[in-house]
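The listed protein sequences derive, respectively, from chains A and B.
Under our numbering, think of the first position of the first sequence as 19, with each following residue one higher.
Under our numbering, think of the first position of the second sequence as 19, with each following residue one higher.
Source of the hints: derived by calculation from the structure; they are not laboratory data.
Certain hints may be false.
If several chains are the same, the list does not tell them apart, and a pair holds so long as it fits within one copy or across any two.
[Stated by the list, open to error] Mimicking DMTMM-like on lysine to aspartate or glutamate, the simulated pairs with C-alpha atoms at most 20 Å apart in a straight line are:
| id | residue 1 | residue 2 |
| --- | --- | --- |
| 1 | K398 | D290 |
| 2 | K398 | E240 |
| 3 | K90 | E121 |
| 4 | K90 | D264 |
| 5 | K90 | E267 |
| 6 | K38 | D150 |
| 7 | K90 | D275 |
| 8 | K90 | E280 |
| 9 | K31 | D133 |
| 10 | K288 | E328 |
| 11 | K398 | E280 |
| 12 | K177 | E316 |
| 13 | K90 | D150 |
| 14 | K332 | E371 |
| 15 | K332 | D290 |
| 16 | K38 | D154 |
| 17 | K53 | D42 |
There are 2 protein chains.
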Amino acid sequence: MQPVAILGIGQTKIDEQWEKSIRDLAVEAILAALKDAGRESAGGLFVGNMMSGIVNSQNNLAPLIADWAGLKGTEAIKVEAACASGSAAFRSGLMAVASGELESALVIGVEKMLDRHLHEITAALATAADADYEVDMGVSFVGLNAMIMRRYMYEYGWKHADFAPFAINAHANALHNPFARLHHKITVDDFEKSAMIATPINLLDASPIGDGAAAIYLVPVESVARGTRILVAGSASATDTIAIHDRPEALFLSAADKSAQEAYRQAGVKPDDIDLFELHDAFTIMSALSLEACGFAERGQGVRLGLDGEITLKGRIPVTTRGGLKARGHPVGATGVYQIVEVVQQLRGECGETQVPEARIGMAQNIGGSGATIVTHILKRE
Amino acid sequence: MQPVAILGIGQTKIDEQWEKSIRDLAVEAILAALKDAGRESAGGLFVGNMMSGIVNSQNNLAPLIADWAGLKGTEAIKVEAACASGSAAFRSGLMAVASGELESALVIGVEKMLDRHLHEITAALATAADADYEVDMGVSFVGLNAMIMRRYMYEYGWKHADFAPFAINAHANALHNPFARLHHKITVDDFEKSAMIATPINLLDASPIGDGAAAIYLVPVESVARGTRILVAGSASATDTIAIHDRPEALFLSAADKSAQEAYRQAGVKPDDIDLFELHDAFTIMSALSLEACGFAERGQGVRLGLDGEITLKGRIPVTTRGGLKARGHPVGATGVYQIVEVVQQLRGECGETQVPEARIGMAQNIGGSGATIVTHILKRE
Numbered sequence: 019m020q021p022v023a024i025l026g027i028g029q030t031k032i033d034e035q036w037e038k039s040i041r042d043l044a045v046e047a048i049l050a051a052l053k054d055a056g057r058e059s060a061g062g063l064f065v066g067n068m069m070s071g072i073v074n075s076q077n078n079l080a081p082l083i084a085d086w087a088g089l090k091g092t093e094a095i096k097v098e099a100a101c102a103s104g105s106a107a108f109r110s111g112l113m114a115v116a117s118g119e120l121e122s123a124l125v126i127g128v129e130k131m132l133d134r135h136l137h138e139i140t141a142a143l144a145t146a147a148d149a150d151y152e153v154d155m156g157v158s159f160v161g162l163n164a165m166i167m168r169r170y171m172y173e174y175g176w177k178h179a180d181f182a183p184f185a186i187n188a189h190a191n192a193l194h195n196p197f198a199r200l201h202h203k204i205t206v207d208d209f210e211k212s213a214m215i216a217t218p219i220n221l222l223d224a225s226p227i228g229d230g231a232a233a234i235y236l237v238p239v240e241s242v243a244r245g246t247r248i249l250v251a252g253s254a255s256a257t258d259t260i261a262i263h264d265r266p267e268a269l270f271l272s273a274a275d276k277s278a279q280e281a282y283r284q285a286g287v288k289p290d291d292i293d294l295f296e297l298h299d300a301f302t303i304m305s306a307l308s309l310e311a312c313g314f315a316e317r318g319q320g321v322r323l324g325l326d327g328e329i330t331l332k333g334r335i336p337v338t339t340r341g342g343l344k345a346r347g348h349p350v351g352a353t354g355v356y357q358i359v360e361v362v363q364q365l366r367g368e369c370g371e372t373q374v375p376e377a378r379i380g381m382a383q384n385i386g387g388s389g390a391t392i393v394t395h396i397l398k399r400e
Numbered sequence: 019m020q021p022v023a024i025l026g027i028g029q030t031k032i033d034e035q036w037e038k039s040i041r042d043l044a045v046e047a048i049l050a051a052l053k054d055a056g057r058e059s060a061g062g063l064f065v066g067n068m069m070s071g072i073v074n075s076q077n078n079l080a081p082l083i084a085d086w087a088g089l090k091g092t093e094a095i096k097v098e099a100a101c102a103s104g105s106a107a108f109r110s111g112l113m114a115v116a117s118g119e120l121e122s123a124l125v126i127g128v129e130k131m132l133d134r135h136l137h138e139i140t141a142a143l144a145t146a147a148d149a150d151y152e153v154d155m156g157v158s159f160v161g162l163n164a165m166i167m168r169r170y171m172y173e174y175g176w177k178h179a180d181f182a183p184f185a186i187n188a189h190a191n192a193l194h195n196p197f198a199r200l201h202h203k204i205t206v207d208d209f210e211k212s213a214m215i216a217t218p219i220n221l222l223d224a225s226p227i228g229d230g231a232a233a234i235y236l237v238p239v240e241s242v243a244r245g246t247r248i249l250v251a252g253s254a255s256a257t258d259t260i261a262i263h264d265r266p267e268a269l270f271l272s273a274a275d276k277s278a279q280e281a282y283r284q285a286g287v288k289p290d291d292i293d294l295f296e297l298h299d300a301f302t303i304m305s306a307l308s309l310e311a312c313g314f315a316e317r318g319q320g321v322r323l324g325l326d327g328e329i330t331l332k333g334r335i336p337v338t339t340r341g342g343l344k345a346r347g348h349p350v351g352a353t354g355v356y357q358i359v360e361v362v363q364q365l366r367g368e369c370g371e372t373q374v375p376e377a378r379i380g381m382a383q384n385i386g387g388s389g390a391t392i393v394t395h396i397l398k399r400e
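Produce the entire structure from the sequences given, and follow the hints as far as they go.
Right, dumping it as structure tokens:
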């Protein structure tokens with residue numbers, strides 16, 4: 019496999035973007051990434067998106083975006099892996115360049131969710147779970163995560179407030195990210211008093227959806243000068259059962275473990291070598307489980323990293339340095355691309371007040387469903 | 019790019035499969051392909067599917083199928099490119115193996131369409147067109163193709179009956195394909211008298227939808243002995259505007275031309291070297307346009323190949339040798355995989371009464387939207 023580098027990145031603000039269509043959002047991010055890369059076209063377009071067919075009545079999204087972005091004729095496909103669609107599209111673009119089949123690839127994650135009523139979005143999000151054996155029983159996607167969180171609290175003895183540091187850290191970091199959806203600080207008191215959604219998950223455990231797009235330009239590594247380049251050092255994807263009740267251990271993200279271990283192996287690194295970790299904090303419980311499965315904490319002890327301050331910018335493993343899903347926002351199929359864009363910003367030293375000092379190796383992990391599809395990437399500056 | 023071979027194929031009958039769910043259909047094809055390949059697992063699963071989110075309320079389809087097929091933990095993604103989803107998934111699996119990232123790939127195309135009312139399916143199919151600028155004007159997917167066909171007849175002076183050979187040939191060949199949906203012969207008289215759908219497209223111009231799945235097992239070419247292997251000699255994908263009114267020439271499939279020329283170049287062949295062509299006859303007009311764009315006929319003269327008998331098994335370029343979309347059936351996201359499976363059957367000499375004598379080089383072309391995404395593959399026996 020030929021090594022691949024990231025030449026350019028782009029993103030839109032995540033927000034309620036009433037005045038822009040899904041194609042407008044995608045093109046805004048693409049043009050930013052092309053400008054950043056100093057390119058005008060690409061060998062192929064890989065679109066990460068979860069729900070355009072349901073929410074925007076638009077399948078065949080990839081040629082639509084290629085056309086609108088002025089990339090007419092370019093090969094273009096959409097990759098769907100629920101909330102992991104963005105990183106799965108990134109990995110598809112990566113393999114196209116790594117195979118030598120394409121000389122470059124543009125990856126775009128995009129989601130335009132807010133044109134529908136929220137109950138329709140809740141139904142659309144539930145398509146990430148098992149339609150026949152979970153959703154037909156009446157459980158929503160938040161409900162599934164609530165059951166996992168409740169079980170975790172029961173098994174390991176944590177109380178709800180112990181999860182607060184994940185949300186507080188994300189909001190603190192998002193303050194300095196102009197692309198983030200939420201720009202306000204929160205306290206433990208805010209966290210404990212926020213509205214209940216599905217016990218024990220309340221509003222501040224949960225990430226907000228949003229409209230947004232992020233893009234990345236990939237090229238063979240030899241086309242970028244050493245010293246300034248961001249290398250994709252590890253890339254791996256794994257799956258677990260889609261239904262939580264089919265897993266032998268509901269509190270262990272086996273696909274996170276599997277994909278992280280493979281990414282570590284490819285990159286030749288250990289968890290200790292990772293300078294920052296953009297994890298998939300769709301709900302606070304997912305932050306804990308992700309840290310545990312990737313080897314940053316023992317099982318049941320991910321929460322302690324938050325309580326001990328180890329997930330902040332000065333801690334042992336800074337997470338959600340640009341706000342994470344919690345405060346940057348979670349435009350589902352776009353999120354995985356945002357995460358990788360943010361790791362690139364850190365490795366380039368472009369993060370200002372939320373810069374992780376001397377960041378050289380960063381990791382991004384994107385989760386589709388309640389752990390059914392998990393994609394892990396490790397980037398290195400060299 | 020490392021050369022890749024097809025080690026195994028599998029398929030289900032295309033039908034109204036009321037007793038089987040989408041996961042059942044997928045697993046049936048996967049188990050057949052694994053058995054044919056003599057393997058029990060795969061390095062990755064690439065799912066081609068267009069409308070599971072809309073029709074089956076199921077996104078995140080890839081881990082669901084991986085789990086159900088006993089491939090637990092395996093990397094798995096879904097690729098969507100409207101009716102070209104199957105071939106796009108095949109090409110993604112191909113690049114994963116060609117890059118050396120995976121040691122094998124299982125490609126599955128699956129669609130379970132008939133659990134919904136037909137007006138819902140018509141709406142779901144329309145998501146392949148431009149939602150904002152075509153569908154919002156009230157045009158259906160058949161309507162778009164009808165406008166193309168009417169214009170073609172006007173420009174080149176053909177009458178409706180001139181398109182009959184495409185449908186007659188497809189039905190004749192499907193008689194001998196046990197996996198085909200339709201098993202009855204038709205005549206020019208039947209063709210002319212069938213029910214009108216959207217003038218000038220009547221029922222026998224149009225392919226039937228259906229429930230079905232097809233699967234292919236891919237490996238690096240060196241792992242298969244020469245003399246018995248089916249090589250993927252050419253693979254290319256291109257796009258055009260999604261809206262027909264944005265094209266300078268509505269009667270020319272530019273993405274078919276572009277992807278076919280690239281596939282010819284990779285394979286080192288010309289149209290004359292192709293022994294059979296599984297083309298995308300969603301409507302009879304698409305057969306004519308595909309033959310023209312791929313260099314088998316001059317513009318406006320694709321219809322003549324049918325009238326002259328050149329598309330039959332003994333003609334210059336046999337098409338739809340197993341029944342095509344018209345009579346084998348068109349389970350939209352699965353179709354592209356069926357086409358490639360059928361080319362493999364021909365190159366292996368397994369087609370009995372519809373065997374193309376001494377077939378050595380076969381082509382498959384899959385179209386998403388009214389020509390927006392077109393993927394062309396050339397296979398060689400060697």
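Check each numbered hint against the structure and report the violated ones by number, ascending.
Violated hints: none at all, because every hint is consistent with the structure.
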